[in-house]
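Trainee: Protein chains in written order, with my numbering: chain A, 1 to 860; chain X, 861 to 1122.
No lab work stands behind these hints: they were computed from the structure. Being a predicted model, the structure only gives us computed values, none of them experimental. Don't take each hint at face value.
Derived coverage of chain X by chain A (criterion: at least 3 residues anywhere in the stretch with Cβ under 8 Å from a Cβ of chain A; other residues may be distant) [what the hints assert, rightly or not]: (1) 947–956; (2) 1082–1090.
Straight line, CA to CA, 25 Å or less: simulated BS3-like cross-link-like pairs of lysine-lysine [stated by the list, open to error]: (3) A:Lys60 x X:Lys1096; (4) A:Lys559 x X:Lys913; (5) X:Lys961 x A:Lys140; (6) A:Lys520 x X:Lys1096; (7) X:Lys1057 x A:Lys625; (8) A:Lys601 x X:Lys977; (9) X:Lys1122 x A:Lys520; (10) A:Lys625 x A:Lys691; (11) A:Lys103 x X:Lys1105; (12) X:Lys1082 x A:Lys625; (13) X:Lys921 x A:Lys57; (14) X:Lys913 x A:Lys60; (15) X:Lys1054 x A:Lys143; (16) X:Lys909 x A:Lys523; (17) X:Lys1007 x A:Lys108; (18) A:Lys497 x X:Lys1122; (19) A:Lys140 x X:Lys1007; (20) X:Lys1054 x A:Lys139; (21) A:Lys475 x X:Lys919; (22) A:Lys512 x X:Lys921; (23) A:Lys779 x A:Lys314.
Glycine residues also receive a C-beta, built at the ideal position from the N, C-alpha and C atoms.
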Amino acid sequence: MKAKVITDFSMKYPKRVTALMIVITLIMASLMVMIKVDTDPENMLSEDEAVRVFHNKVKKEFTLHDMVVVGVVNDKHKNGIFNVESLKKIHELTAFAAGLQDKKNEQKRVLSEYIIAPSNVDTIAQAGQGQVRFDWLMKKTPKTEEQALKIKAMALSNPLLKGTMVAEDGKAIAIYLPVSEKDFSYEVRERLLERIEKFEGDDDKFYITGLPVAEDTFGVEMFIQMAVSAPLAMLAIFILMLLFFKSIKLIISPMIIAVVTVIVTMGLLIGTGNTVHIMTSMIPIFLMPIAVVDSVHIISEFYDRYDKKLGKVKTIVKVMEHLFKPMLFTSLTSSAGFISLVITPIPPVQTFGLFVSFGIMLAWFLTILFIPAYIMFLDEDKISKIKRDDSEHKDTLMNRFLKRVSFFTYDRAKLIISAGLILSTIAVYGITKIEINDNPVKWFKKSHSIRVSDKVLNSHFGGTYGSYLILEGKKDSLSLKEISNMVLKQVNDVELKKAIDAPLTKALNSSKSEGEFFTKLEKEIETIADDASDDDYDRLMSVIDVTGSIKNRSEIFKKPDYLNYLATLQKHLASIEVVGKSNSLADVVKKVYMELFEGKKEYYKIPDTKNGVTQTLISFQNSHKPDDLFHFVTPKYDKAAVWVQLNNGDNKYMEEVVKSVAAFIKDNPPPSELKVGWAGLTFLNTVWQEKMVNGMVNSFLGSFIVVFLMMAFLFRSPVWGLLAMIPLSITILLIYGVIGFIGKDYDMPIAVLSSLTLGLAVDFAIHFIERIRETYQEKGDLKETFKDLFEEPARAITRNIIVIAIGFTPLLFAPLVPYQTVGVFLASIMLISGIATVILIPSIVKTLRNIFFRYNKSAV
Amino acid sequence: MQKRLMKTIIILSTALFTTTSYSLTADEIVKKSNLASYYSGDDGKSYVKMDIKDSQGRKRKRELIILRKDLEEGGKQLFYLYFRKPSDVRKMVFLVHKNIKTDDYRWLYLPALDLVKRIAASDKRTSFVGSNFFYEDVSGRSVNEDKHELINTTDNSYIVKNTPVNPDSVEFSFYTVEIDKKTYLPLKAVYTDKNGKEYRIAEVLSVENIKGFATVTKSRIKNLVSGSETVISFSKVKYNLGLKKKIFTERYLRKVPRIARK
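Put together the whole structure using the sequences plus the hints.
Mentor: See the structure below:
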């Protein structure tokens, strides 16, 4: 047996083994200084993923940026937020925010030129005597309440600002701070909070949210959690084990295994150049329970079996003989559960799966290598003293309880099986109710200030979740000849046709591209016009109108029918509950057009001609921020972006919007075919979620089959293999069934935890079944076998359940929901799979003993 | 001995001369520069090509004809801007009455909407038809709005630092201008924002002598923050055409005079 070789080696050279382990651990720990952190959920998609490429292209083309949203709410003042004091604070805060930049890297900054805030937006309004005025909405802080109210009136009359920058109820103003890099958001928030502290009076409430903040803050807090939760869990586990085994010396070894496993795995991860991502930062939390489980089995059994007469050497040899096979297989199955993540299409999840899987096998190896060595260091007298002190152990609460369970399973086998079946059926129904959904803001617990801000601001504004609906015209591919004919066709005058004949031919024959053709043609015509009479000059210049309109035929978003289509589309968007607001080029055109006509309501529409639209827009461009236009349309006017504000960032709602828009466009076709695409963080999240869920389902099914095959191989019997799968299956059914019933969303953490469930839930069954078969072989009687089963094996399982389930309760107090979820999951996996193993397996074996032992006899 | 005396006298007189000319000319240089760049002749006409390029190199072009008439040397001016291209803004007209002490008057004629509109602007630092040029760059910033300080003199130019009298009215904290000693044309202006960072550069790219007037025929304004820039080139520049004042009135917006069209 291989176990013996390793155990013997370890016991022969305990010092060398220990020294080697320490050296390797130190080397790996030193690699950890190379840590590179990446907290961007966007990286859930690989760099060249089509939607991500599109998202980045859109951001560039429309100069869009990820935005930090700062909301200021005043419920106390009679004029809401529009009072001198509040506006002064907003003005100061905006100026402060505009100067924020990273101290080390100046490129990392708040993009002051694109801030949306009262002092940074231009408005167009009536200025008496038929004049319109372009002016900053709030260049200076108002001095009187009347001036403040004037700003309010002006802001609320601007459809682009209402619901976006100013709340319709007049009680809140939102400042949008675009950041050059998303990972600057946390610092922006921190520094804003510092500045806000300095404001006096507390009528104004400040809220900071937005996906970049949520994502970046999550990243920062996650690493804090790693440093807090993981050690706390270690401490809890340590205390629990101390209660069970009463010897610090004895229990320090699992702790060492866990720490070494985590350090070496993380060191390797970092040392091989991987970034530590949200996913991979959870590796320690996942590895710890798994690393501890094996050693608890050994210690538990060692503790139970130790006898002074036998001595520590013989005891550990015996224990290792017993446990080697089940430990190897529990590790292999857990490892398989995680390695299957490599087939998901999400890079960070792949890395996560690979390294957890590695860590599990490392923990196993360390356990069988180091634990025996460690035992060699223990003083024989001290061990026996521990045992003597614990003389009552034959009659502990746990033992009495387990004895009763033993009888119960033997006597009520059928009842237990039926109960298991009924529960599973109910659970299946629960699973059908599972809703796949995620929202990074919800990764914070409800009382977290980002969650609170999210809630408050989304109740005041159209929504803090931005996504962009991109519409793009399809390009034609006319030949130069066809274009030339088009020009001729559109010039009505016979004489003019004749006049431009020569220039047309000349341009046609000497041009290679369309651009060249038009440049030459227009130059030719202008040369003729320069020498012509004044009347002819004007007529020739009208040909330039024709060539211009053909040349610019791809400028579809200057055309009234397309802009009206945008407006219709927005009307539809507004009918979707979660869409609080949408902004587009159509809104800009309508607003400016109305103001050009004295602000009369009936002019709040799109002008009738393309030239009308263009001239309206060029009027707008005489403002302080003419380029604001190009957040809605490209300078070529061939692509338009509709800003869609969602008041809830749940993926399911975003998906609903995408579907609804697609259906609407199908039923209401645009003037010509348009390419429709989505961009924005809220949308990106839905994409990787979908990939993740599908990927997880596949990898889960895959590893389920692999684990079954391994079981069948381990027990040399498919029937026993199937039996081993039962506690695992019930655990998964029940956990996910409950998730379905309580309406908890199936989100990223829950998806990843399915692998952990698979890996951990089968462990107890392996230990238990292995022992049933061994003992039955020995005793040949089932009742006796069960009696034996409920001694050391059941105790080891019970101790493990308690250690892991309670040991990870510190996670429940983490401010981050995924950590809480992991805590709950670990407890549930342990508890359910433990109970299912201890109760169900004996019941089934008893009921179907003929099948099991017939096979068994032939196999063993 | 005599030699040394002579030397002393020379040094002294040069020093004296230089100091006096320094303290006197800061304002004068700017005044001369203002005249050289915006008031050549009594009136003028020019074809203008405007190339606006954003940070991604995406271009927009506009072509217009500009007519100018001075009412007072260094004072009130009238501008008439007629759009030739692109075709969807053709025949659009901007009319500007530049005032020194009060806001400018601006009219906009939008032929497609058959609309003449007065545009009131709170300040002159709004974009000129979507370009990097401000209205003030087109019609000139009043010399009284800044305090001028000669900070350096090189072989060919004066470097003048201009600090706004009313800092709240502008987005810069100061700007320095390099003024050519011979022509008094401002060759380069660098604007510094309120955080002390340079963010905008206006430069003359070429100068031609037209009818005895040193005339800027190409200039560029760059926005260092957004990375966009606009190049304006002037061609067919003419001076002293005897432009009539009535052309520069609302009446002539709809009915564009020939001289403005061609």
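Trainee: All the hints need checking, so say for each whether the structure fits it.
Mentor: To see whether the hints hold, each was checked on the structure:
For the stretch 947–956 of chain X, the stated coverage by chain A is satisfied: 5 residues place a CB nearer than 8 Å to a CB of that chain, which reaches the threshold of 3. Remark: the stretch 1082–1090 of chain X is confirmed as covered by chain A, as 3 of its residues place a Cβ nearer than 8 Å to a Cβ of that chain, reaching the required three. Proximity of lysine 60 of chain A to lysine 1096 of chain X is assessed by CA-CA distance (about 38 Å); at most 25 Å being required, the pair is judged violated. Taken as a hint, the lysine 559 of chain A and lysine 913 of chain X pair is honoured in the structure, with Cα atoms around 23 Å apart against an allowance of 25 Å.
In summary, the hint linking lysine 961 of chain X to lysine 140 of chain A is supported, as the alpha carbons are separated by about 22 Å, within the 25 Å threshold. At most 25 Å may separate the alpha-carbon atoms for a hinted pair to count; lysine 520 of chain A and lysine 1096 of chain X meet this at roughly 20 Å. For the hint pairing lysine 1057 of chain X with lysine 625 of chain A, the CA-to-CA distance comes to about 20 Å; that is within 25 Å, so the pair holds. Simply put, lysine 601 of chain A and lysine 977 of chain X have alpha-carbon atoms about 18 Å apart, close enough for the 25 Å limit, and the pair holds.
For a cut-off of 25 Å, the pair hint linking lysine 1122 of chain X to lysine 520 of chain A stands: about 20 Å separates their Cα positions. Restraint check for lysine 625 of chain A and lysine 691 of chain A: not satisfied, since their Cα atoms lie roughly 40 Å apart, outside the 25 Å limit. About 57 Å separates the Cα atoms of lysine 103 of chain A and lysine 1105 of chain X, which puts this hinted pair outside 25 Å; it is violated. Pair hint lysine 1082 of chain X plus lysine 625 of chain A holds up; C-alpha atoms about 15 Å apart against a cutoff of 25 Å.
With a CA separation close to 24 Å, the supplied pair lysine 921 of chain X and lysine 57 of chain A stays within the 25 Å bound. Using a Cα cut-off of 25 Å, the hinted pair lysine 913 of chain X and lysine 60 of chain A holds, with the two alpha carbons roughly 15 Å apart. Proximity of lysine 1054 of chain X to lysine 143 of chain A is assessed by CA-CA distance (about 23 Å); at most 25 Å being required, the pair is judged to hold. A hinted pair counts as satisfied when its Cα atoms are at most 25 Å apart, and lysine 909 of chain X with lysine 523 of chain A qualifies at roughly 14 Å.
Taking the CA atoms of lysine 1007 of chain X and lysine 108 of chain A, the gap is near 35 Å; set against the 25 Å cutoff, the hint is violated. Among the hinted pairs, lysine 497 of chain A with lysine 1122 of chain X is consistent with the structure: their alpha-carbon atoms are about 22 Å apart, no more than 25 Å. Between lysine 140 of chain A and lysine 1007 of chain X the alpha-carbon distance is near 23 Å, which keeps this suggested pair within the 25 Å criterion. For a cut-off of 25 Å, the pair hint linking lysine 1054 of chain X to lysine 139 of chain A stands: about 15 Å separates their Cα positions.
Annotation: proposed proximity of lysine 475 of chain A to lysine 919 of chain X holds, straight-line Cα distance about 19 Å (limit 25 Å). With a C-alpha separation of about 22 Å, the suggested pair lysine 512 of chain A and lysine 921 of chain X falls inside the 25 Å cut-off, and the hint holds. A distance of roughly 23 Å separates the Cα atoms of lysine 779 of chain A and lysine 314 of chain A; the hinted pair therefore holds under the 25 Å criterion.
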